[in-house]
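Protein chains: 2
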Amino acid sequence: MIKKVIPFVHNKLKEIITTDDYVVDGTCGNGYDTLFLARLARKVYAFDINEQAIENTQERMNRNRIYNVELINDSHSNLDNYVEEDIKAAVFNLGFLPGSDERYVTKGESTIKAIKIVQEKLVQGGLICLVVYTGKFGGEEESSELLDYVATLDYDKYNVIKYCYYNKEKAPYVIIIEKQI
Amino acid sequence: MIKKVIPFVHNKLKEIITTDDYVVDGTCGNGYDTLFLARLARKVYAFDINEQAIENTQERMNRNRIYNVELINDSHSNLDNYVEEDIKAAVFNLGFLPGSDERYVTKGESTIKAIKIVQEKLVQGGLICLVVYTGKFGGEEESSELLDYVATLDYDKYNVIKYCYYNKEKAPYVIIIEKQI
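Heads up: the sequence lines are chains C and E, in that order. Residue numbering for the first sequence follows the numbering used here, beginning at 1 and increasing consecutively. Residue numbering for the second sequence follows the numbering used here, beginning at 1 and increasing consecutively.
One thing to keep in mind: the hints can contain errors.
Note that the list lumps identical chains together, so a pair holds whenever it fits in one copy or between two copies.
Computed cross-link-like contacts, DSS-like style, restricted to lysine-lysine with a CA-CA straight-line distance of at most 25 Å [stated by the list, open to error]:
hint, residue 1, residue 2
1, K3, K179
2, K43, K136
3, K168, K113
4, K179, K136
5, K168, K157
6, K168, K3
7, K116, K3
8, K136, K121
9, K179, K14
10, K43, K179
11, K4, K157
12, K43, K170
Just so you know, these hints were derived from the structure itself, not from any lab.
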């Protein structure tokens with residue numbers, strides 16, 4: 001069956017993440033991806049600029065007795081200040097917290113800055129997964145900035161795939177960047 | 001690991017085709033997809049307008065002792081004349097036989113005609129898989145005609161996804177049409 005975008009991403013992550021791996025959730029939101037990653041990896045660094053998102057994620061981790069997540073209430077574009085280890089995977093689910101303030105919306109510029117930092121830390125065979133929402137406030141602009149950026153990545157070093165629904169306007173879509181082995 | 005386009009398609013087909021199913025290879029070429037389908041399905045109807053392709057595929061079937069393939073030296077746009085059963089899946093690998101005559105290249109109009117016939121015969125949950133080559137002769141035009149067509153499909157009846165490499169110009173890409181259950 002054709003996978004929706006989040007299951008498509010989770011399936012790819014499940015294939016590669018082991019309990020030895022450090023991973024990043026660039027936008028923890030309500031903590032769904034954080035929880036998914038925490039159950040696969042050694043440690044998750046989970047970022048969000050929205051304090052409410054950090055609180056919601058902390059609560060979800062407590063309820064699920066998850067203790068291998070470091071929650072960071074800062075922009076993912078500062079991840080260099082927090083993450084020392086090599087990274088196996090990073091997820092940027094670029095929606096923003098439903099019902100929350102639009103000033104917390106992700107923007108192309110800071111997302112691309114974060115992607116570039118992760119690219120440096122990413123192990124060979126590692127993945128950067130972006131879920132892009134063109135329907136949200138500022139989403140079209142962020143989407144085109146991200147697509148312009150990933151199209152420039154050297155195809156001898158990175159595989160970049162786009163997975164999208166084609167008969168549904170404004171549907172979220174996926175970009176996956178794989179550092180080649 | 002990120003899948004290349006053909007393994008991506010084969011993986012989806014493997015998930016749904018059983019030995020009870022009738023399937024279509026719209027462009028048998030050298031018979032690679034035909035062989036893959038024949039090992040999963042009850043019967044494969046394999047089309048090609050190029051007689052050489054039919055011969056090559058017949059030879060591959062003989063070598064592999066495959067007897068559940070009906071080879072048809074006609075355009076896939078005439079498949080209504082040959083296929084009576086409901087179809088579980090159809091593959092249109094729109095490249096043309098390497099080294100062969102460009103007059104045998106697939107064209108958007110006839111491919112879309114064939115897709116429409118298959119849509120009528122497709123069972124719920126069935127798939128139509130298109131591998132599209134923009135780099136070949138006439139490929140850009142065929143690609144844009146196909147994308148225009150699939151974008152119009154009602155998203156309450158069909159899931160249409162596009163899977164493509166985004167940092168590699170002229171790379172082949174995949175469209176999958178799934179008839180919803």
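Hint-by-hint comparison with the structure:
no. : hint           : in the structure
1   : K3 with K179   : both (23 Å within a copy, 13 Å between copies)
2   : K43 with K136  : neither (30 Å within a copy, 46 Å between copies)
3   : K168 with K113 : between (29 Å within a copy, 22 Å between copies)
4   : K179 with K136 : neither (29 Å within a copy, 28 Å between copies)
5   : K168 with K157 : between (32 Å within a copy, 12 Å between copies)
6   : K168 with K3   : both (15 Å within a copy, 24 Å between copies)
7   : K116 with K3   : between (28 Å within a copy, 23 Å between copies)
8   : K136 with K121 : neither (30 Å within a copy, 38 Å between copies)
9   : K179 with K14  : within (16 Å within a copy, 27 Å between copies)
10  : K43 with K179  : within (20 Å within a copy, 40 Å between copies)
11  : K4 with K157   : between (27 Å within a copy, 15 Å between copies)
12  : K43 with K170  : neither (33 Å within a copy, 39 Å between copies)
Of the hints listed earlier, those the structure fails to meet are numbers 2, 4, 8 and 12, in rising order.
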